[in-house]
Each structure stands twice: as C-alpha cells, then as structure tokens.
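Q: Following the hints, put chains B and Y in place on chain W, whose structure we already have.
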Amino acid sequence: MTIIDKTADIPAPRSGGPDDARLLEVRDLHVEFHTRDGVAKAVNGVNYSVDSGETLAVLGESGSGKSVTAQAIMGILDMPPGKIPQGQILYRGQDMLTMSNEERRKIRGQKIAMIFQDALSSLNPVLSVGYQLGEMFRVHQGLSRKQAKLKAIELMERVKIPAAKQRVGDYPHQFSGGMRQRIMIAMALALEPDLIIADEPTTALDVTVQAQVMDLLKELQTEFNMGLILITHDLGVVADVADKIAVMYAGRIVETAPVHELYKRPAHPYTRGLLDSIPRLDQKGQELYAIKGLPPNLLKIPSGCAFNPRCPKAEDICRTEIPALVPVSEQDGSELPGRGSACHFWKETIHG
Amino acid sequence: MPDVTETKTEAAVDAVAAPSAADAQSKDKPRSLWGDAWFDLRHRPMFWISSILLVLLLVIAAFPGLFTGANPRDGDLTNHFLTKPELGHLFQADWFGYDGQGRSIYARVVYGTRASIMVGVGVTAAVTLVGGLLGMLAGYFGGWLDSVISRVTDIFFGIPFLLGAMVVLNAFTDRKVYVVILALAFLGWTSICRVMRASVITAKQADYVTAARALGAGTPRILFRHVLPNALAPTIVVATIALGGYISAEATLSFLGLGLGEPTISWGIDIAQGSQDIRDNPHALLFPAGMLSLTVFAFIMLGDAVRDALDPKLR
Amino acid sequence: MAELDKTDGSMDATPNVTEVVSVGAVDETAAVAAIEAPVERGEPILQVRNLVKHFPLSQGILFKRQVGAVKAVDGVSFDLYQGETLGIVGESGCGKSTVARLLMALETATSGEVFYKGQDITRLSGRALKAVRRNIQMVFQDPYTSLNPRMTVGDIIGEPFDIHPEVAPKGDRRAKVQELLDVVGLNPEYINRYPHQFSGGQRQRIGIARGLALNPEIIICDEPVSALDVSVQAQVINLMEKLQDEFNLSYVFIAHDLSIVRHISDRVGVMYLGKMAEIGTDAEIYDHPTHPYTQALLSAVPVPDPEARERGERIILAGDVPSPANPPSGCRFRTRCWKAQDKCSTEMPLLAVPERFKGSDSPAAHESACHFAEEKDIVGAAS
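The listed protein sequences correspond, in order, to chains W, B and Y.
First residue of the first sequence: 2, per this note's numbering; consecutive thereafter.
First residue of the second sequence: 7, per this note's numbering; consecutive thereafter.
First residue of the third sequence: 16, per this note's numbering; consecutive thereafter.
Looking at chain W on its own, in the form it has when it is part of the complex (with noise of 0.2 angstroms):
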C-alpha cells in the first residue's frame, strides 16, 4: 500500500483483542424500532462473523433485517425509534456496543468502513470530491492542505477514474453514477479499513457498469487483504463474489453456506424457494416457482419459525418453535463446514 503513511497516528491493529480473535464478530444480535403501531423487531438474534480477505454476503429482501444490522455495526442507527437491546459486536474480539465513544469512533471509519447504495445522496453536492476525499486525511491524519489534495488524487487513480488530476476538483452531480460509487469506494479506502460494509453497492448501476464496480472491489480486496461484508438481495451478484453466505429472513438468520455449496443444495426452503423463483431457461413458456404469500410484518412475526405460513414443507412444529440455526451435516453424518439452517425439517430439505 503506497498510498498512507504508515508512521500516522493510527492505532495498532491488534491492540487490545486477544490474536485469535475474528475480524468481526456480530453476536446475537437484536434491534427493535419503537413505531405508533408498535415495536417492530428488526433484527431477532443475529451470529456472524467475518475475517480479513473474506467476503461475507448477507442476502436478504427488504425488512429482513440485513441492512439494519449493518447500520447497527456502524453506529448509525437512528436511536431512538431504534434500540439495541441485546447482542455484542466484536471488533478484534472488544464489543463495540459497550466501548466509550472515543474508542468506537476510531474504530468505524478507520478500521470499518461502509459503503452505501446511493452514492450521490452520500456525497455533499457542494463540496469537490478533492476536498471530500481529502478530509479524511486532514481530519484522521492532519495532513496539509496540499498533500490532503495529492493523496486525493492517488486514491482517485487507485480506483481507477480516468484524468483523475484534471478532475480532483469536480462536484459530485459532474460524474456519472458509477464514477461516484467508485468515489465512494475511494472513500471507504482512504484510511486503509480492515473491513469494508458494502450495502447494495451495485444495486442503483447499469448492469455493465455494475459489472466494473464490482471487480474494482473485488480486486482492492484482495490487495488490501480486507474483510468484505456484502448487503445484497441479488443471488446474481452473491454467486459472483461471495465466499460464504448468510441468508436473512425476518431478522433471523435461516442459512449459513459456502457460496458453491448454498447454490447446489440449500438446506432452507426460503433459500430453495428463492433460488428456484430465478427463471430457467428450462421452463420457458412455464410457470415460474413463486414462493406464496407476503413478506413478513416485522410488527407481528409469526410465532415459531417465521417463514411458517409461506413454506410449503411446514408442519405444526414450524407454527410453535422457532427452529435455531443448527449445523448441517451430510447424509451419512459427516460434516459440511460453514453450513447451518434454521429449519425444522433441513434433513428433507437437503437431502430430500
């Protein structure tokens, strides 16, 4: 990495944590919104973790929880109506739910960083993307003015914008949605982080653009030996970058799986549901698998599992018991390492 000088003031990577400790832990997690209508629970107990140069993609549809869990790692929850009543997140092994301010402002921006799906509206419209990116290098490492700017422009090459001297000091509305993102993506850089959250980055871009976005990630990741974790509903853009996989449904996690393994034989009829509404060319002329129903109301989860009144394998054990996300093993016993499903009958779900 030529771009940060490493005598800045920058803590210690490993400070603190004991070395064994994983990139990010997230670990039981529970947030809830304090709405008119009631308590809408967001996020019901989520485990996952993350390691440097691992790409996590947490797939999930919209009020499933995902992107609410990532807000909850960054700190930008709006609290109130939100709260975290329960869970840890572990950065290096320290929570950073109960760390002092000072200490977790530290670690989210420079160690954590994210990135968002609009990056026009994450940009400020009035200031030059020079001085955007600039100021994280004045604030962190009190860089002049004038080296803020070259390491701007640096960072801009690196992401690869074209004339990127000739353009340091453009406002963001001048470049085109996937020049920005890639100026978001500069952004979340700047200070070196350990870990990037990246929330449907692609999802606003053109497919052929989504394509080049996605590989300049992919390709900063590996250099940087980064952490990835990669918000996303598109089983597309999972199977083309993800090493494993957590699939979120109503604020739970119902499917933990090694990308290639979730894609052959998933282990959650909600994953199996989903994987097999994508049209085939197969059944062309057919009529496409829908899994039936509606979305959860995150204000009234139904009781025991919550994906009960859409699956077609429930039974009266799914409309009591809320099934805990258990290994999954192979038909003979032995072991599948990384798979996990929340599903009563996952047995029949995989191997039937």
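Just a sample of chain B residues kept apart from chain Y, beta carbon distances all over 10 angstroms, derived:
1. ALA131
2. ALA177
3. THR179
4. ALA204
5. ILE247
Under 10 angstroms between C-beta atoms, here's a sample of chain Y residues computed to sit facing chain B:
6. ARG116
7. GLN152
8. PHE155
9. GLN156
10. ILE206
11. LEU229
I should point out that these hints are in silico values taken from the structure, not numbers from a laboratory.
Since we're looking at a predicted model, the values are computed, not measured.
Glycine included, every Cβ here is placed at the ideal spot set by N, Cα and C.
A: Positioned in the frame of chain W, the structure of chains B and Y alone reads:
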C-alpha cells in the same frame, strides 16, 4: 431498482414502513391518509389545547354578549384608571379594570376578539383562495403562465409586508374590517402561492397522474382528483400558521393607527391606548396584549400540530 | 403462450399504413372505427417506425431559448404482434422508458409514427385518442407512486370506468371492480382500503387491475417487477402470463432484468442510447447475439450460479454510457466497443440482418445494427 433495498437514511424507516404496509391484513379497516393524520392529531395534547382555545375564541367572537353584560363603548370617567383589576370578580365589568376613558377592559377584550378573528380568518381565506389558485395554475400548467405568475410573486415578495400594508391602508380614510382584510390579503398571498406551486409540481410528476393521463382523464379530473388532494397538506399547514401572523399584523397596524379605526373595537387600538400610561396602569396594556398573544399562540400551535400530523416523512 | 411465427420480423412490412397517412387529415369517426376492429393473432397490432423523441434543453428564466436536445429516442422501429410479448432491454438512459411513454401517447413524438391498427396514434387527439387509450394500457414500475394515496382501491380501479363510462354502466361498477380484484388475486373485500395498506406486490396487482379494467389489447409494462422483492417478482410474472392467455393481451415488456425478460418474451429488442441495437426472438438474442453491446450486456449480468465465474470469457465494458444530449457520431456504441474502427465513427450502422448472414437460416441471421456483427462465445446470462 432502488426501491427494493434500503439506503442508509431510509433503512430505519423502511424496516418500519414495510411491515406497516403489509399489516393491512391484521387491521381490517380502511385507513385513509387523512384518517391517519386525524388519528395522529387526536393523540397530540398540543392539538387539543390549541383547539379548545380556538373554539372558545370563536364563540367569544361570535357571541360576545354571552360573556359580558358591560358595553365596551360606555365610558364612565369616574372609573378613569381608578379601578384596578379585581381578579376575583370573574366575568364582571371590572374584572380586568378600566381603561383611561373608564371603559371596561374586560368588555373591550371580549368585543375586540371579533375584529381580530375576522381579520385572521378573512385574510387567510382570501390568501388561500387567491394564492392557492395561482400557485396551482402556475405549478400545473407551467410554461409562460408559470413564468408570469412566478415573476409577479417575486415582485410582491419583495415588498415588505407591514410597510406595504401601511402604504396601502394609508390611502383609505374609512378603514373597516374588510379594507384591512383586502390590504393584508393583497400583500400576503405570495407565500401560499409558492408553497402550492411547489407541491403541485411534485404531485403532478407522480406516476398516478401519468396513469390517469394514460387512461384518458381530462385536466379537471387530474387536477381535482389527483393533484390537488395530494398537494393540499403543506398549504393547510402554512395557512394555519400564517393566520396567527395576520392577527398580529392587524394589531400592529391598528397600534400604529393605520389599521382598524374607532368605533371598531380592536386589541391593537387598545394596546396603543394602553401603552400611553404603561407605568401606572399596565393592566390597560396587559390584558389586550395577553389576549392577542394567546390567540396567535393558539393558531401557531395548531399549525405545528397539523404539520406534525401531515408530515409525509412519518408516513 | 401461443406459438407465433417468429421469423416474420421484417420491418418493411407496413401494409395499408402509408395509405392512411396520405389521406392527411384523419377522419375521427373512421379512426375510431378502425381502432375498434379486431386484429388476428400473429398479425402486427402495433408498428413503430422511426420514432424520435428529443427533449429540448433550454436556458433562460423568462425567455427560454433552446441550447440543445437530449436525444432520448432517436429513430426506433419495431413491430408488436397480436398476442406476443416483446421484451425491450437496455440500461438507464437508453430510452426504453421514453419509448413506453411514446407508445402511450403520453409524450408527443418529435417525429416518426406509431401505427395502431393502421392509425398513427402520435397524431391523434380527442375522441380517437381516447378510443386508443382504451386499448393500450400501462403498468408502472413503482407500485408506491403509481397509485394515488388518497383514493381507495375501489376508486383507483374504478376510475377507468368514470373516464370511459361506456365500458361499464354505473350500477355494475362495484361488481366489476371486485371481479378485477379477484382476477389479479386480491381479496375483493379490500375494495375500500387505501394503497398504503398493501405491500409492494399487492400494489402492483392493483396497478395491473387498473390496467385491465378497460379490456385493453396491449399492455405496456415499464419495469413492472423491478421494484419488488425477489420472492414476489415471480408471483407477479406468473400473474401477467396468466392474464395474457386469459385476455389475449399483447405485452411490451420493458425491463433491465435479462433473465425475467427472457422468461416472458417471445421477441426481444436491445436498446442503447436511443437506438435499437439488435432485435430478434429470445433465442436469437440470448443464444446468438451478434451485436457487441448485447454480448457485453449478457456477459455482464451476474449469473446466480457460482460456477459461472470460473468459466468462459467475460466482457467488462470500459467507461459509462455517454450522455444522450451529446451522443457519439456514427455508431452510438463505438466509444465502448472493442471492435470499433474508423467506419464506426463515420457511418451509422442500420438495423438490418447483417450482410454475412443474409439468406442463411442460422439463428444469427436476425436484425443487428453493427458493421461487424458476428457471434461470440460468452458466458450467457439466464442460460
């Protein structure tokens, strides 16, 4: 497909909004947006306090005789400032004491309500009608009509409100309530016009308007069924808050001798007269001024409550 | 979906059309009569010829003067056959939504024609236009803004009957609305509810019911499922296919999701910067694309199959789509094309069956607007 997913700022709202849409099944009643706003209003104490105050003021304005038997124009110089307020004498002529001409301040406060309320409601009605109509036309039709209306609005916006009203009213010798209403409305329609224009422009771009056009709907249908109902909320809020402002503008003008004149009874006139002997007899100023503040406050509070209830961000 | 004669896609077949135009002033009654005549299955019901829409860019406050134009649609031609689904794909700014608005006569075309049963609807007005509107309806992208939030579902679906009272007598309307709710899979008792009491997928069903109310022949769908959750998209697509069979509808299906377009379409047109780059049957476009843009688009789409990332060549285009206010000369795609040569900047390629494939019955012999049209092995989307 930006709507599928949550962006940073919307996510919290989304997580809440998505279910409230889906929970239609659980609540088996139709809930219109106006109905929701009304539901919201009913749960705001501020709304009730201001409403009760305003209803009371309206009744006083309509039937002042119910509240006092004293004649506000009867001056008895034996009472000249001599009688201080008798706060125990509820609803009696001497409750608030007497003014410099020996008239019952309580009676004058009660009878002065009508002028203030009439000016406030009258100006607001006129302004909403004229400004709302012009704003609607400018916003909906755009083009040269919009250019003309907007430039005229700009010109009127450039005139200082009170100064302009003073100049206009100075031209009249007999300043009845309707004259003051017309003068204030003449200068005050611009803000409603702008608000209306902006919200009509927003509403007319909505897909449901396109859908209505695609069905072959004519301009009146689009305007009155689709655009107007969706553009009304901000105008209502601005009008309610402005109403208080018009009342105080009338009082200010009357205080300066350029608003309502005798024999009309107005808080502004009384404030002007009461301020002449403020040291020894502050009550002659205090009560009309207090009533004025209370009225203006009630309208502004109502406007605030309505705005909170209609705020689309909560929807 | 009935079998259509898919090879019959030639653009120069515009029978009767020229005669009607040459008459000049269109007789309104004759126009209405023509509009009400039925069209045989497999015959063209909508013929689009050289459609152009330029949005003027103007400056100045009181006196506006034109300083340029956004060439949103710049010479697009295609046919829609009765009973078929024509998919139109392309990225943002390619003009596909403007085409939809032009087909609906919601915008006035700068030039070009849209023939509906021989009538050029871009020049119609009054009674004749109203008659056309009965037969061409639209389903919108965003179910959250396409329904008036202050009207009940009954009023929204019933509004077409208020505008066209001849379709349903007053007393029947409520029953009709409830029937429509039932047709799109909603509980008819929801008639008095408001749109915000429904989820996105349900709202889209309401929008479809409104589109169906007048018994149209053509429905223009502008990204009808892209705002919906993945698990709900399939439901809506199934509904639309069911309705097509039931009511004998023709769809123009505009979307950017290539796999959904392939699933629902009989023929597909690919648009780029206001022009049609390639058009053909779904198999021709998806399996044998000859235009480099189509190839890049298909290969850029992330495939929901992790194996795909390891195999095949993937084309990643450089740069962004140029501004439609200032499109490149010659071929619109040349600034991002790996095959571009001098010819591409000087000569605009026409949409036609490429010379080298003429007369061949290979699936590559379909209309493609490229000087160097050829097949290429790519990682195909949705295949």
